[in-house]
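Listed here are the chains, written in short residue letters.
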Amino acid sequence: MIETVNLSAGYGGRPVVAGVNISVRGGEFVAVIGPNAAGKTTLLKTLARLMKPLGGVVYVDGAAAARMSAREIARLVGAVLTEQLRPTQLTVFEAVSLGRYPYTNSLHTLTDRDRREVWRALADAGIEHLADRRLSELSDGQRQKVMIARALAQEPKVLILDEPVTYLDPKARVEILLTIKRVAREREIAVIASLHEVELALRMADRLLIVSGGRVVLYDSPEEFVALGGPMHLYGLDGQLTFSPELMSVEFRPGAEDKPRLFVVAGGGSGALVYRMLARLGYQFSTGVLHKGDIDYCVAALLGGVIIAEQAFQPISPENVHRALEEARDCAAAIYTSPPIGPLNSENQILAETIALQGIPLIVLGPAEVKGAAIRVESLAELSKSIEMVLENVRAVEPAPARR
Amino acid sequence: MSRKVLTELGVAAEFKPKRRGRVLLLLCLPLAPLFIASIVLGGYAIHPWDALMALAGGGGAEESLIVQSIRLPRTLAAMLGGASLGVAGAILQALFRNPLADPYILGVSAGSSLFLAISIFTGATLGLWTPTSPYSLYTAAFIGALTVVIVMVALSGVVRTTTTILIAGIMFSYLAYAITSILQIFADIERLRAFTYWIMGSFSGARWSILSPGLPLLLVFLFATIFLCKPLNALLLGEDYARSMGMNLNRARMFIVAAAALPVSIVTTIAGSVGFIGLSAPYLARQLTRTSNHFTIIPASALLGSTLAAAADLLSRLAFKPIEIPITAVTALFGAPLVIYLLLKGRGVQV
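In order, the protein sequence lines correspond to chains A and B. Letter by letter, the first sequence follows residues 1 to 404 of our numbering. Letter by letter, the second sequence follows residues 1 to 351 of our numbering.
Don't read these hints as lab results, they were simulated from the structure. The beta-carbon is built from N, C-alpha and C at its ideal position, and this holds for glycine as well. Incorrect hints may appear among the rest.
[Stated by the list, open to error] Coverage of chain B stretches by chain A, computed from C-beta distances (three or more under 8 Å per stretch; other residues unrestricted): (1) 223–235; (2) 291–297.
[To be verified] Just some of the chain A residues that point at chain B, by a computed CB distance under 8 Å: (3) Ala48; (4) Gly99; (5) Tyr101; (6) Gln154.
Assemble the whole structure, with the sequences as input and the hints as a guide.
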């Protein structure tokens, strides 16, 4: 539906993004992502013909956009922009019917067909019930839906959206993106949308268009993107942010504070929230013995914990138990998260008891019975308090062991 | 919600034209009594019956003279001029997306006056007409108005704050008046007398000789603005959105700028600077019709502008009879407080 050949976008003769070669079919959802000021808006405006390209060609529906009049383009390309709306007393119906602009006569008389299209657009955006309301009475999310319905009323074959869900609450975000996706498939519209959040893009888009450093870094499926190493090459992640290919999520890794290291015995998902809490509170942590691919393994890796890991579906080997014990010795305290215990990880219970035996204070979270445990807590909130308490005691006896 | 209810809602949403017709009809009501009052009342009161006879071409010689060559042109000038100023205000407010935009405040009237002064005092008329010919006056005023609107549009691209543009407009007015005053000092008596007519700002001097080219043009303008409503509505969403829906921005802007300058220059040539009608009429129109749709706002602004101007003109000649006061002295009485109110209300004001 829309295709570019060596497109270069920018203003004042200076290209911001160059060498863009994309081709988007009807029904396809392409997410444009990239760092701030990478030229996403410039590129989108050029695709929507709101800016003239500095070079290259844009083909819409098989014809060169440069040869079309503003009216012809408006019948093929709809746009939702970041432009701030001034307060007006326009009703939703009036605003959406403005989308018929390229079809109506100079008095903007709505024909039956125009009316039908306006109602179809309102229905597709799920805002029929708002038709009589004024724009100024709506929430941000509703207003965004109005602008989308207005673009749909243009009966476009291509829909360009610049940050359509930024500044919206999470529910409205997902709702609007799903609406766009559904309508795009039903009406076979090619959608190109810039998104602020990489994770959202990974989950929603059929293809990613990654713009960075003045060029297209990648134009491929989210799966290919992940296979190539994820967003590392996008933002030049510097250890503060990490990406988990299994979870398709980007994680913020809080900077390590000068706090002691803790050892966590976990598995089967019992440790994930504990890791997050420790990371948030600024603790470093080591954990084991985890099976590779376990959700605890993924989250711990994401947060930068030291992991003693066993191959998936293998019983924990004595070597790994030994390594875990070595690691735990360097820690100020240990936490046992009451993981489900079975034939493949029964060593973890023994590991916990051995840790306690070695004189490392052991906090048990949950119902498990562990010999030699210092404290048992029932909830994560209690856990954070008891960690502080235990560490106070340790510090009173001896300084926390220095880490390597 | 059931399909049926939705369709009914839809019908309700599309019912607007009918309600719109009713409101516009209502706004026409004060025009007839104002017209009669404006013909009948003044320094010399005329019996309505005599006035009617005079309008029909009969009646006493004195009444006939007053009605036909003084009252009637004056009334028509005030009514059509007011309507045009109201529409010009609505157009400027949409162009600047600013409810405080008004030809008087933005300095468009002052620009017209300045060029009128230049034309009269220096006799620069492009060599086409005599300096006091209506045509050279209209041309000069139009060039002045157009210049100011274009400068203001360019300026609004640089400074985006509502109030800065207004201050720029007011300062431009001062500048224009300063130059006009300097021109007056060096002018000879004959030309000075010709010019004092515009300083006052009053429809009292409206005679057929000067009205004949201007009034038909105003009438054409008023009807032609219906074609501006579509782009003006699109511009409510902002320039980029308007363009994305197929509006040719440069062409639309050209027409809008010309449409704002033309009526102001004509009214200024007929009556001098007339303030605040372009501000109040669209404001009242939006308050009364509760819409921003220009297909309603433009005609409503015309009707309200006409009403306001005719009423203000009537007051200006009756308040201290037989002495007339400038019309802007009357319009400022309600216009200036409105500006202050809108400034205080700030960003929430709707266009």
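Going down the list of hints, with the structure as the test:
1. With 6 residues having a beta carbon nearer than 8 Å to a beta carbon of chain A, the stretch 223–235 of chain B meets the requirement of three or more and the stated coverage holds.
2. Counting residues of the stretch 291–297 of chain B whose C-beta sits closer than 8 Å to any C-beta of chain A gives 4, which meets the bar of three, so the coverage hint holds.
3. Below 8 Å, beta-carbon pairs count as interface contacts, and alanine 48 (chain A) has one with chain B at about 6 Å; its hint therefore holds.
4. The interface hint given for glycine 99 (chain A) holds, since its Cβ lies 6 Å from the closest Cβ of chain B, which is under the 8 Å cut-off.
5. The interface hint given for tyrosine 101 (chain A) holds, since its Cβ lies 4 Å from the closest Cβ of chain B, which is under the 8 Å cut-off.
6. Because the smallest distance between the Cβ of glutamine 154 (chain A) and any Cβ of chain B comes to about 7 Å, under 8 Å, the interface hint for this residue holds.
Hint violations for this structure: none, all hints satisfied.
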